[in-house]
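*Asks:* The primary structure of each chain is shown beneath.
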Amino acid sequence: MSKLTIKEVEHIAFLARLALTDDEKWLFQNQLSAILEYVEILQQLDTNDIPPTTSALPLGNVMRPDTIIEPLTIMDALANAPDSAEDSFRVKPVFD
Amino acid sequence: MTKYKVIIGMEVHIELQTKGKLFTNVSADFFGKLPNRNVHPLCLGMPGTLPVINQEAVAYAIMTGSVLNCTVHPYSVFARKHYFYPDLPKGYQISQYEKPICTTGDIIIEVNGQAKQIGITRLHLEEDTGKLTHVEDGSLVDLNRAGVPLMEIVSEPDMRTAEEAYIYVNQIRQIVRYLGVSTGDMEKGAMRCEVNLSLKPIGSKVLGTKVEIKNLNSFRTVRNSIDYEIKRQTKVLDEGGKIEQVTMGWDEDNKKTVVRRRKEDAHDYRYFPEPDLPPLNLDPAWIEKIISTMPELPTSKVKRYVEEWGLSKEQANILTENSERAEYFERLVVTAKDNVPTKSIADWVQGELFRYLNETNVTIDDIKFTPDDFIRVIKLVKDGTINRLAGKEVLAEIWQTGDKPDQIIKAKGLKQISDSGALETIVDKVIADNPKPVAQFKGGKEATMKFLVGQVMRHSRGKANPKMAEKMLRKKLT
Chain A
2 MSKLTIKEVE
12 HIAFLARLAL
22 TDDEKWLFQN
32 QLSAILEYVE
42 ILQQLDTNDI
52 PPTTSALPLG
62 NVMRPDTIIE
72 PLTIMDALAN
82 APDSAEDSFR
92 VKPVFD
Chain B
4 MTKYKVIIGM
14 EVHIELQTKG
24 KLFTNVSADF
34 FGKLPNRNVH
44 PLCLGMPGTL
54 PVINQEAVAY
64 AIMTGSVLNC
74 TVHPYSVFAR
84 KHYFYPDLPK
94 GYQISQYEKP
104 ICTTGDIIIE
114 VNGQAKQIGI
124 TRLHLEEDTG
134 KLTHVEDGSL
144 VDLNRAGVPL
154 MEIVSEPDMR
164 TAEEAYIYVN
174 QIRQIVRYLG
184 VSTGDMEKGA
194 MRCEVNLSLK
204 PIGSKVLGTK
214 VEIKNLNSFR
224 TVRNSIDYEI
234 KRQTKVLDEG
244 GKIEQVTMGW
254 DEDNKKTVVR
264 RRKEDAHDYR
274 YFPEPDLPPL
284 NLDPAWIEKI
294 ISTMPELPTS
304 KVKRYVEEWG
314 LSKEQANILT
324 ENSERAEYFE
334 RLVVTAKDNV
344 PTKSIADWVQ
354 GELFRYLNET
364 NVTIDDIKFT
374 PDDFIRVIKL
384 VKDGTINRLA
394 GKEVLAEIWQ
404 TGDKPDQIIK
414 AKGLKQISDS
424 GALETIVDKV
434 IADNPKPVAQ
444 FKGGKEATMK
454 FLVGQVMRHS
464 RGKANPKMAE
474 KMLRKKLT
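Protein sequences appear in the order of chains A and B. Residue numbering for the first sequence follows my numbering, starting at 2 and increasing by one per position. Residue numbering for the second sequence follows my numbering, starting at 4 and increasing by one per position.
Warning: the hint list may mix true and false statements.
[Claimed, not checked] Within a straight-line C-alpha distance of at most 20 Å, the following computed DMTMM-like cross-link-like pairs (lysine to aspartate or glutamate) qualify: (1) B:Lys93 <-> A:Asp84; (2) B:Lys134 <-> A:Asp67; (3) B:Lys22 <-> A:Asp67; (4) A:Lys93 <-> B:Glu190; (5) B:Lys36 <-> A:Asp77; (6) A:Lys93 <-> B:Asp90; (7) B:Lys22 <-> A:Asp84; (8) B:Lys292 <-> A:Asp67; (9) B:Lys36 <-> A:Asp88; (10) B:Lys36 <-> A:Glu87.
[Unchecked claim] Far from chain B, by Cβ distances over 10 Å, these chain A residues were calculated: (11) Glu25; (12) Lys26; (13) Ile42; (14) Asn49; (15) Thr68.
[Unchecked claim] With the C-beta cut set under 10 Å, the calculated list includes, among others, these residues of chain B facing chain A: (16) Met49; (17) Gly133; (18) Leu210; (19) Thr212; (20) Tyr231.
Since the hints were made in silico from the structure, they are not lab data. Beta carbons: idealized from backbone N, C-alpha and C, even for Gly.
Given the sequences, and given the hints that come with them, work out the whole structure.
*Replies:* Structure representation (structure tokens):
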């Protein structure tokens, strides 16, 4: 696989809401490309006889019964909020 | 208007009425609560919290999927759908993507008496989001709803008119209500619809550009927005224009669809399997058990009412409109044993009980009288102890007071006069008092009989047996 382009780095940065300087874009272009190259090595393994999985743990079917526990108090719920008003978390204005 | 074929598919989001949320045990009953009273560290996206799936939500999805003739997959996977918006503080919504719990089903809807099959593409589970209130200097986030179980049902693009979409949504709602998996209450947001709509010139092989209409929260807006979009797109195409691929919303004030998002702003969700939740690998026996213990659905009830009890399909449809009413009707039938014909019970339930419920907004659960009392009244009318009118009066009385029918009949003196001596006195008086109508009847004017019977009923203060009265009148006048 060829190296990630600067444009791709910019897109990934946008998706993660990161503002990168030109130097950082160059830095991450190299670091991210190195990660992809490493995965490319893994892809050389023959996995034909191994069923695909979405989990690294030998677990399946972990469910809980439909019961109720006490919620957090409103004090605790908002304790770590940088800003709050009217019992709600207050964030910068957003419109979808 | 016939130049284009209308293609409509729907996505319906349904809030499940489990006790707890989808991935944590905090209560899912958020409606009307003060902000953030229903939250747990997991709903707040706190580091270190881990989701565990609510078994009841899985069962509800299996039930619904099975009714929709879907394949229920024992193996299914949850996925993260990433986007930044404060309604979900984790930065992603846990949903299902490549391996949903149910796929490829169908539902039969009835449009103008014609059955039509609508394909179901998939049904999956996901978590609901929080609620944002926009204020002048920011947005207020309430996470009570964050994590409430949602079931999304995606249809094939098989609908052609607003009416079909309306009936489809209605039927889905009836199913989830019968199954008891959701209130289906659109006004409270427990059911939210999204329409995908495109127009294709008839004869053309090329599909039209698809427009999405999101967040439709009533049956009326589903219908109105589709009608509006069909007209709008027809006009654009007629004028040689192009349909832009957009996401729209419905503006209730101006009764029109409005663009919310253009294609270039489309999200890049970066779905990937949720590493914190192992895949579901359900025991087929467990799935089977859930399906076999489901309540009976309206389609099956209607069939039974028609085939076993000889009711008309129209009446069966009315009686099974919701599960509470159908259950009550069936309780009456059981209570009656074979003492009263089922058809009579159906008529009284449809005519009197439903009218009373609709007029008073009383629900089946709140009614005061017992099935025995109801059946007793129908029986008394049937065997002629009281007449129909008196029967209605007795019902009105027990519905208000809860008193026993025989007690009311005695107290109000409603017992029908079937004693010929007492009736004869009244009939003779009516004949004597009404020489003109009597002469008219004798002259062959049949319609006058109705008037004379009416007079007998009036003089007996409604207690006469109308059939006996008519018989006696005819005998005396011919």
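*Asks:* Each hint needs a verdict: does it hold in this structure or not?
*Replies:* Here is how each hint holds up against the structure:
| no. | hint | result |
| --- | --- | --- |
| 1 | B:Lys93 <-> A:Asp84 | holds, 17 Å |
| 2 | B:Lys134 <-> A:Asp67 | violated, 24 Å |
| 3 | B:Lys22 <-> A:Asp67 | holds, 6 Å |
| 4 | A:Lys93 <-> B:Glu190 | violated, 29 Å |
| 5 | B:Lys36 <-> A:Asp77 | holds, 17 Å |
| 6 | A:Lys93 <-> B:Asp90 | holds, 13 Å |
| 7 | B:Lys22 <-> A:Asp84 | violated, 31 Å |
| 8 | B:Lys292 <-> A:Asp67 | holds, 17 Å |
| 9 | B:Lys36 <-> A:Asp88 | holds, 11 Å |
| 10 | B:Lys36 <-> A:Glu87 | holds, 13 Å |
| 11 | Glu25 | holds, 20 Å |
| 12 | Lys26 | holds, 19 Å |
| 13 | Ile42 | holds, 21 Å |
| 14 | Asn49 | holds, 20 Å |
| 15 | Thr68 | violated, 6 Å |
| 16 | Met49 | holds, 8 Å |
| 17 | Gly133 | holds, 9 Å |
| 18 | Leu210 | violated, 27 Å |
| 19 | Thr212 | violated, 22 Å |
| 20 | Tyr231 | violated, 21 Å |
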